[in-house]
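Protein chains in written order, with this note's numbering: chain A, 1 to 787; chain B, 1 to 227; chain C, 1 to 447.
FYI, nobody ran anything at the bench for these hints, they're computed from the structure.
Fair warning: there could be bad hints in the mix.
Unchecked claim - Derived EDC-like pairs: lysine to aspartate or glutamate, alpha-carbon spacing no greater than 20 angstroms straight-line: (1) 156/B with 255/A; (2) 415/C with 16/C; (3) 95/C with 427/C; (4) 95/C with 434/C; (5) 95/C with 279/C; (6) 554/A with 158/A; (7) 53/B with 695/A; (8) 179/C with 7/C; (9) 11/C with 25/C; (10) 179/C with 4/C; (11) 53/B with 382/C; (12) 274/C with 427/C; (13) 156/B with 123/B; (14) 53/B with 255/A; (15) 554/A with 600/A; (16) 53/B with 717/A; (17) 53/B with 384/C; (18) 78/B with 88/B; (19) 426/C with 16/C; (20) 156/B with 44/A; (21) 179/C with 25/C.
Said to hold, decoys possible - FRET-style restraints, in silico, Cβ to Cβ: (22) 44/A with 167/B: 19 to 27 angstroms; (23) 12/A with 196/C: 49 to 57 angstroms; (24) 204/B with 577/A: 27 to 35 angstroms.
Note that beta-carbon positions come from the ideal geometry of N, C-alpha and C, so glycine has one too.
Here is what each chain is made of, one letter per residue.
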Amino acid sequence: MGSTRRQFLWAMGATAASVGVRWTSDVVWAAQGSGDPGWSPGTERFVNSSCLVCPARCGIRGRVVDDRLVRLTGNPFHPMSRGGLCPRGVAGVQLLYHPDRISAPCRRVGARGAQAWEEITWDDALGQLGARLQSLRQRGQPEALALLAGYCAGSMHDLWQQFLQSYGSPNYIADDYDDGTAAVMELMHGIGRSPGYDLERAGFVLSFGAPLFEAWWSPLQAFAAFAGPDGDNGAPTRFVQVDTRFSRTAARAHDWAGIRPGTFGVLALGIAYVLIRDELYDAEFVARHVSGFEDVADAGGERREGYRSLVMRNYRTEEVSAVTGVPVGRITSLARAFAEAAHPVAVCGPDVTHAPNGLLAACAVHSLNVLMGSVSRPGGVLFGNEAPLAPLAAPVVDPRGRAGLDRGPLAPSQTPFGRGDPAMRFAGAVAAGEAGAVDTLLLYYANPLASALRRQVWEEALQRIPFIVSFSPFHDETTAHADLILPDLLAYERWQDAPTPASYPYPVWGVVRPLVDPHPGARHTGDAVLAVARQLGGSVARSLPYESFETLLKARAAGLFATRRGMTLGDAFELRHQQQMEERGWWLPEHREFEAFWDEAVDRGGWTDPFIDETEPAGLARTSSGRIELLPARLLEALATVGEGRTAYLDVAAAAAGGSDDFPLRLIPYRVSTLSSGTLPLQRWLAETPGLFPDVHWDPWIEVAPTTANTLGFANDTMVWVVSAHGRYRARLKVFPGTAPQNVCAPYGLRHPDGEPANPLHLLDGSSDPLTALPNWFTTFVRLERA
Amino acid sequence: MTRWGMVIDLARCTGCAACEVACKSENNIPTVSPDQAEMGRATSWMRVMAEPKGAFPDTTLEFYPRPCMHCDNPPCIKVCPVRATYIDPEGIVGQIYPRCIGCRYCANACPYTVKYFNWYGPEWPESERQYRNPDVSVRAKGVIEKCTFCHHRLQKAREDARAQGRQLREEDYQPACAEICPTDAIVFGDLDNPTHRVAELKEDPRVMRLMEDLGTQPKVYYLRQRT
Amino acid sequence: MHRDVAEKLAKLPPDEQVLLRPLVDTSRWFYVGAAVCGAITLWGIIAYVLQVRYGLGRTGLNRPEYWGIYIICFVFFIGISHAGTLISAILRISKAEWRRSITRSAELITVLVIGFGAIQPVIDLGRPDRVLNVLFHAQPLSPLLWDVVSIGLYFFSCTIYLYLPLLPDLAVIRDSGIKAPRLYRFLAAGYRDTPAQRLQLERAIGVLSIIVIPIAVSVHTVIGWIFAMTLRPMWHSTIFGPYFVMGAIYSGIAAILVAMAVLRRVYRLEGYFKEVHFDYLGRLLLIFSLLWFYFTFAEYLTAFYGGEPGEMRTFWAKLTGRFAVPFWAMVAGCFVIPLALMSRQATRTPVGTSIAGIAVVIGMWLERYNIVVPTSVNPRWEIEGVGHYLPSWIELSIMAATFSGFILLYMIATKFVPIVSIWEIKEGRASVQEVAERVAHYSERVA
Ligand SMILES: Nc1nc2c(c(=O)[nH]1)N[C@H]1C(S)=C(S)[C@@H](COP(=O)(O)OP(=O)(O)OC[C@H]3O[C@@H](n4cnc5c(=O)[nH]c(N)nc54)[C@H](O)[C@@H]3O)O[C@H]1N2
Ligand SMILES: Nc1nc2c(c(=O)[nH]1)N[C@H]1C(S)=C(S)[C@@H](COP(=O)(O)OP(=O)(O)OC[C@H]3O[C@@H](n4cnc5c(=O)[nH]c(N)nc54)[C@H](O)[C@@H]3O)O[C@H]1N2
Ligand code: SF4
Ligand code: SF4
Ligand code: SF4
Ligand code: SF4
Ligand code: SF4
Ligand SMILES: [Mo]
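With the hints as constraints, model all of the structure from the sequences given.
Here it is as structure tokens:
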């Protein structure tokens with residue numbers, strides 16, 4: 001008895017000890033349980049697709065282990081990104097598995113913004129939306145449906161357009177990347193699309209503030225050109241950056257020049273002055289292809305000054321130097337280097353156009369390309385072709401729809417060129433107009449409550465809209481105010497197309513395809529729209545006769561198969577081979593069957609056409625004169641009416657020259673290359689080390705010059721309020737020697753760890769270029785206060 | 001003899017930090033909460049360091065992507081009391097996580113500050129477990145970790161080559177950072193194999209190594225800016 | 001005190017009476033003190049349990065500040081441990097008569113403090129569960145391994161060195177029967193203080209005191225080398241070995257002084273810890289303050305002349321930068337205060353020396369801080385940002401517990417062994433004649 005009890009106690013003790021040891025090693029020491037996904041060996045696949053995180057749309061390759069996406073790398077077949085990716089692209093896996101994803105369609109049950117949701121089925125959700133749209137149309141108010149679409153790539157854009165058109169609503173509000181350059185091209189070349197830049201073959205890239213290596217149309221395109229051809233058989237492109245701050249692009253360009261904010265256009269014309277004075281420009285090209293260079297006598301016999309006289313009279317280097325702050329010698333040497341380079345090209349981006357005289361300044365910058373004849377030739381500005389997709393089914397518009405369309409958009413553009421900021425304009429109109437003018441608002445890839453310049457206006461607008469539907473896959477600020485959430489699939493789970501941006505002159509039609517099984521609670525918005533269209537029946541259903549978005553894509557790809565040029569993506573050798581063939585006017589079909597073509601296009605990640613015929617005159621100008629217009633008549637007309645007394649090539653400097661006593665520092669918002677646009681949920685890999693400063697993690701920061709910090713009496717790392725006349729936000733002050741003393745550089749896309757937004761765009765003064773309505777991003781002045 | 005090494009061309013590096021994120025993704029590097037990061041406990045086996053100089057507008061800036069240097073004469077391994085950090089015959093400096101006692105002596109001995117300590121157990125929320133790389137172990141709390149030259153890829157490449165009955169090729173074994181770099185600034189290979197690009201690049205006149213005077217013999221070479 | 005114990009005590013000779021009284025007579029204040037110390041120690045143990053449970057993240061450590069309070073305390077305590085054994089051994093060998101009343105209290109400090117020092121690196125480990133890997137996977141090139149060996153050896157020899165001179169006193173207690181007869185019978189191990197035994201004992205002590213000196217020197221040399229064997233700025237220095245040994249002895253002397261002053265007051269030992277002891281130890285302290293200055297000056301001067309950028313960052317951080325306060329406080333504590341107080345006879349009093357002793361103890365703790373932290377936060381590569389270090393409450397609690405635990409054990413020890421060696425005092429009294437002769441002999445004029 002005694003001994004059994006002792007044995008029992010021993011056994012108990014031993015068990016307890018072993019449990020204890022297990023506990024210490026499992027709970028106290030070891031990594032968490034080993035039974036979780038990461039540990040099964042699994043079978044791996046590599047799948048090509050495209051990145052949809054920013055407008056660049058690089059080629060990606062997913063490593064999929066047992067239907068889990070474990071890594072994203074570049075698709076080496078993609079001609080623009082060539083196997084490289086930017087950090088945001090790599091961090092895409094953290095979007096796919098983001099904890100903020102919405103797991104099922106939700107119907108609002110509490111007050112708006114209270115975030116009380118009831119999960120419903122997809123049939124129910126689509127039924128509710130369909131019924132609402134049906135009744136709206138039956139009431140004869142199809143225009144009361146509005147769509148705010150942010151980042152809407154490829155055929156998703158066309159699908160939405162077709163949907164709204166056949167439904168009868170003119171209120172498709174696009175809030176996407178508009179850098180205003182399309183307006184410049186329309187005016188000077190009669191080609192209404194943003195320019196492509198043949199950076200790779202350019203010998204010299206003179207960038208006016210364009211954040212080529214950070215947030216440009218396509219950083220990867222710039223990287224490829226910067227890295228130069230493999231094997232050094234060609235000379236690498238030389239990059240020179242003119243910028244208001246010492247950006248990453250400036251840091252890695254071969255040379256850079258600091259400039260006063262708002263004076264890009266003046267510098268461009270100062271360079272033009274040297275080119276003309278020293279006869280460095282391409283006189284033959286100008287004579288053959290350009291009009292507006294020389295003075296002309298107009299119909300009334302009155303002499304009108306041409307570009308040459310305007311520049312020669314007004315942009316002597318000394319004066320330009322005084323305005324821009326760039327030393328005279330530097331202007332001259334920049335001009336010489338630009339002229340002497342084999343293939344110079346001047347790049348102008350949103351940073352030039354988002355200014356009070358943005359359009360004029362952008363024309364000035366582009367005039368350098370015209371002077372050097374760097375248009376429609378290797379290494380210059382190229383107007384590429386769009387991928388020749390088959391159009392969607394012919395849209396059918398019934399009388400009801402026609403009536404809606406005829407009533408016109410709610411907030412049409414008031415300016416002669418460009419679209420300006422259509423989302424803010426729309427919100428303003430809704431907030432000011434009668435309630436019910438918009439009955440149903442669809443939000444696709446849009447989060448205006450976080451991203452728009454004026455949050456209050458959007459709040460008011462949303463209050464006046466009875467029914468709001470968001471397709472966002474994540475809980476974000478605006479989704480919180482929706483009545484119905486129909487969570488979209490992420491780009492790694494869905495079919496879409498991803499054409500490269502205009503900046504890359506060769507058309508690339510990237511395919512986006514599911515890398516993993518779709519989230520069970522989410523559905524492709526394209527499929528949802530098609531389902532609603534079927535439900536609505538009639539003209540809408542007939543305009544969109546597609547079973548799924550995948551079939552829609554496939555139908556459109558038939559256009560590529562039929563076009564007798566281009567190829568499915570391939571390696572560098574295949575690409576060059578195809579290019580040489582097309583140069584000689586040859587084209588051999590790769591596939592007999594469309595199915596095989598489709599399969600290969602999907603497998604390799606898309607389709608491209610590596611050849612542009614630079615001898616094609618239509619690539620140069622499609623104006624009525626057939627020449628490039630340096631002084632476009634439409635511009636002169638517009639200036640006469642809404643120009644507020646401005647003159648082309650004269651008023652290229654942006655207004656606000658300096659701050660006031662109250663707000664002494666100029667706010668320069670900029671985009672951090674490691675952060676995604678606007679308001680996407682933060683990805684931890686990126687937020688942990690977002691910038692150059694080794695000790696900044698997560699926190700929003702601003703940069704000021706050492707002298708400025710000294711004068712203000714702020715030490716490095718002080719928390720400060722950035723205060724403008726329109727708002728304020730909190731950020732950590734970093735002393736950075738690359739900041740000009742009169743500026744505060746403020747990255748956007750950050751928020752405080754507790755979710756508090758830190759959006760410098762909310763501070764902007766709200767002014768805009770009267771010609772394009774593009775908001776001024778660099779004319780706001782602020783002061784710093786200790787927080 | 002194979003000696004794995006890396007050449008990073010500073011004239012090509014744009015400081016984009018894709019290498020940094022690719023390394024985190026490949027090597028199951030856990031993220032930490034914002035306040036932990038603020039405390040200096042974030043882990044990044046590859047970190048793009050930046051050195052700004054001068055005042056606006058005469059500012060210059062140098063980027064230095066910094067992995068472990070895989071020193072040929074590594075001061076870190078000499079001090080480890082338990083041989084938990086070692087240099088293998090092909091020059092890769094590795095860590096034996098299950099043996100490390102967490103004294104952090106090696107971390108102090110490394111002049112390049114590239115050793116990272118697991119102050120807490122790694123947190124793997126359900127969402128983050130999904131994308132863990134099954135080829136790379138997850139480090140427990142209390143041990144040191146650092147860049148491994150993506151050693152697991154070498155093992156895999158070897159197995160594949162063996163299975164196909166052929167020699168290991170240069171492109172078979174490329175670490176994640178070299179693979180992703182959009183400007184091909186990172187070149188990786190066998191320093192002793194004349195057919196590998198690194199062998200040629202390390203003879204470039206622009207070549208330098210960090211703190212060469214310390215005699216650590218790093219196997220990560222940098223090519224200076226062209227002037 | 002029980003009446004019969006009091007009676008037994010009263011029967012003993014006067015030295016025994018005074019020196020054994022603390023073993024049987026415990027004041028209320030003792031219990032209060034012990035309770036306070038015990039509570040702090042318990043608190044620290046809880047803190048450690050939390051640290052083990054959640055990880056070293058609970059400390060203020062980070063990258064590149066890999067080492068903090070624990071390593072500082074490690075170096076500090078092991079330094080203090082040089083108090084007893086080393087000093088008592090040197091004094092014994094040199095036959096300094098005045099040592100007789102102070103060796104015991106000093107040796108006791110040593111043994112207790114080594115233990116508290118030696119656990120610090122274990123507390124600092126990320127994986128204390130694997131501490132035995134140091135044996136299983138020993139890597140002889142690592143200074144940390146040398147350290148384990150020399151500290152182990154030092155602890156072992158010091159314990160014996162404490163125990164051997166205790167034997168006659170333990171026998172006295174056993175024979176007096178005033179306390180725990182079974183315990184003392186066991187501890188005294190049959191020692192009867194026969195002349196033969198006494199001779200053997202003194203021989204053994206003599207041999208040990210020689211052996212223990214190189215071991216003690218090795219201990220702190222190796223600790224200095226732990227730092228010196230890395231390439232970090234201001235650590236990678238050949239002076240570190242001797243510098244650490246010197247500093248250790250210095251802090252040891254200071255600790256003895258403080259301990260003596262306290263014991264003298266609470267156990268009324270004025271008759272044993274006389275002014276002269278404080279005066280003599282004060283002189284030693286003076287010499288060491290000068291030595292300390294010499295070593296420190298030499299260290300900083302060489303660093304300064306090298307002017308190596310990595311070094312200079314740390315250098316200036318200490319002299320004028322973020323660490324200027326602890327740095328100059330250290331200079332005050334280790335040099336200015338002891339020098340000012342100990343260079344004058346008038347202040348080499350028990351009060352004066354204890355003030356100087358406290359200053360030195362604090363100063364030496366700060367010296368460890370100034371070695372560990374400024375270098376840690378200033379990585380060699382300038383581009384790497386400067387780190388920061390703020391110890392967490394866990395670290396501070398564990399440090400407090402280390403101090404209180406040490407004090408507690410020391411207090412308890414005074415309840416079990418006489419804090420002044422009875423037999424050595426007696427021997428001293430008996431040998432006055434012999435000493436006088438000895439002195440006369442070597443002062444004799446050689447004709
Ligand atoms: N990394 C990344 N890239 C992206 C995106 C993204 O989210 N992340 N999103 C895309 C989208 S939606 C957009 S709209 C674009 C935005 O593209 P950009 O508008 O080009 O982005 P920013 O980085 O804000 O560029 C502004 C630059 O102009 C410079 N600048 C400063 N002051 C002035 C001034 O007074 N006048 C002028 N003219 N310029 C000045 C600033 O230094 C700054 O570098 O980026 C696209 N590309
Ligand atoms: N803080 C901040 N504000 C900004 C900017 C900024 O960079 N930072 N940039 C400004 C500029 S240039 C622009 S163009 C605007 C852009 O602003 P928005 O048009 O609002 O665009 P984003 O913020 O990029 O993304 C909007 C929302 O799309 C959702 N989304 C993400 N992925 C998907 C998907 O796969 N499907 C669907 N349906 N939805 C998805 C996300 O929930 C996200 O919140 O913001 C402007 N305002
Ligand atoms: S540049 Fe844009 S499209 Fe390309 S990888 Fe980065 S986020 Fe994706
Ligand atoms: S990925 Fe390449 S270019 Fe980008 S930071 Fe790393 S090394 Fe530099
Ligand atoms: S860089 Fe540091 S961690 Fe890497 S091998 Fe060298 S010393 Fe060791
Ligand atoms: S931390 Fe680990 S690897 Fe580093 S020295 Fe200590 S035991 Fe060795
Ligand atoms: S070699 Fe591998 S582990 Fe090392 S930095 Fe590059 S990706 Fe990370
Ligand atoms: Mo945008």
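Problem set entry | Contradicted hints - numbers only | Per hint list: 1, 13 violated.
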